[in-house]
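A.B. asks: Hey, can you work out the whole structure from these sequences and the hints?
Going down the list, the protein sequences come from chains A and B. Number 182 in the working numbering belongs to position 182 of the first sequence; there are no gaps in the numbering. Remember, the working numbering sits 1000 above the position in the second sequence when you count from 1.
Treat the hints with care, since some could be wrong.
[As the list claims (entries may be wrong)] Listed next, the in silico DSS-like pairs over lysine-lysine satisfying Cα-Cα at most 25 Å (straight line):
#1 K166(A) <-> K1132(B)
#2 K167(A) <-> K1132(B)
#3 K1129(B) <-> K166(A)
[Stated by the list, open to error] One-sided and incomplete, this derived list gives chain A residues near chain B with beta-carbon spacing under 7 Å:
#4 A32
#5 A48
#6 G58
#7 T63
#8 V93
#9 N103
#10 G137
#11 V154
#12 V155
#13 V157
To be clear, the hints were calculated from the coordinates, so they are not data collected in a lab. Keep in mind that this is a model prediction, so the values were computed, not measured. Just so you know, even glycine gets a beta-carbon here, dropped at the ideal spot from N, CA and C.
The primary structure of each chain is shown beneath.
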Amino acid sequence: MLYLQLFFEFFKTGLFAVGGGMATLPFLYDMADRTGWFTAAQLADMIAVSESTPGPIGVNMATYVGFVSGGPLGAVLATLGLITPSIIVVLIVAAFLKSFRDNRYVNAAFFGLRPASTAMVASAGVTVVTSALLYAGSTGLAAVNWKAAALSAVVLVLTRWVKPTKKLHPIVFILFSAVVGVIFRF
Amino acid sequence: MKELWTLFITFAKVGVMTFGGGYAMLPILQREVVEDKGWATDEELTDYFAIGQCTPGIIAVNTATFIGQKQKGILGGIFATLGLVFPSLLIISALAGVIDAFSHLVWVQHAFAGVRVCVCVLIFNAVLKLWKGAIKDIWSGLIFAVIFAASVFADLSPIIYVVVAAVAGILIKTLEVKK
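C.D. replies: This is the structure in structure tokens:
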């Protein structure tokens, strides 16, 4: 039963997540909320592991969530659920490739879908910020975890504005943050 | 059969060599699919990628299905896609077990607390990248603002937002043409 549910949940994710791996995030948070198979905090760890291991991040996250929720078989079914709608849709679209790309309505729908997808990923980001940078239960400045805020500022500067580090793979920053977390006892 | 197996293996290789997904996969596909196997030209690959972005699902998965079906029809699409996700299944399942076994250690918890901070920044950077391709004018800005506010403050399924945004896009574009 759990396996069927996992397949179905990820089928929905694969069908409605538009814009690649990170676009599955809002669906995963929604899933954590509704099913209780995993927590939002666990999900943040899964994102980090998925970014740092080989494979497309969206596929890795599905496999990880599936594994945590239902063991090896859960991992397989979650991943199959995620890719099944892709296979179906792409095979259909491939049949009339050109007219799909140039279709006015398809383009118009994507004009709306792209900002919506961006907004949903941003909102998932807010959830991670709340759990990583703020203490639960406090308000105002007392709620800010200053050690974490300082680290986030450093990583932000390194990934956006410092020329030599900007181009580095995310795994470098993930490992760096893990080391900082251990040394400064986050 | 041999060709299906070749598709599976080739995309398994692409899967192993892709870190992150999406655009990170493009140079690897260029080498494997265009230069090594000659399954597609550079232009075709760019086309598949564009379609992969405007069909639902993971871009990497969509692109793999596309190239597979071009080579060997429906079965080809399926084998290429299964090949792509195969390494993820092995690697993540192995890792998840290991991480679970060590998660009670204090220093592992500190490490993941640090990593979570980094994930904030990574998501922020991903949003900025998406923003560039998505928010082009006042209308797309408005859709962003509404969906963002709704998904932060309301507790609705993301499916609703996706459907509403697609309909909004079609309405806005249709009205613009009429004007």
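A.B. asks: Taking the hints in turn, state whether each one holds.
C.D. replies: Hint check results:
no.	hint	verdict
1	K166(A) <-> K1132(B)	18 Å, holds
2	K167(A) <-> K1132(B)	18 Å, holds
3	K1129(B) <-> K166(A)	14 Å, holds
4	A32	12 Å, violated
5	A48	4 Å, holds
6	G58	4 Å, holds
7	T63	4 Å, holds
8	V93	6 Å, holds
9	N103	10 Å, violated
10	G137	17 Å, violated
11	V154	9 Å, violated
12	V155	4 Å, holds
13	V157	10 Å, violated
Checked against the numbered hints above, the structure violates hints 4, 9, 10, 11 and 13; every other hint is satisfied.
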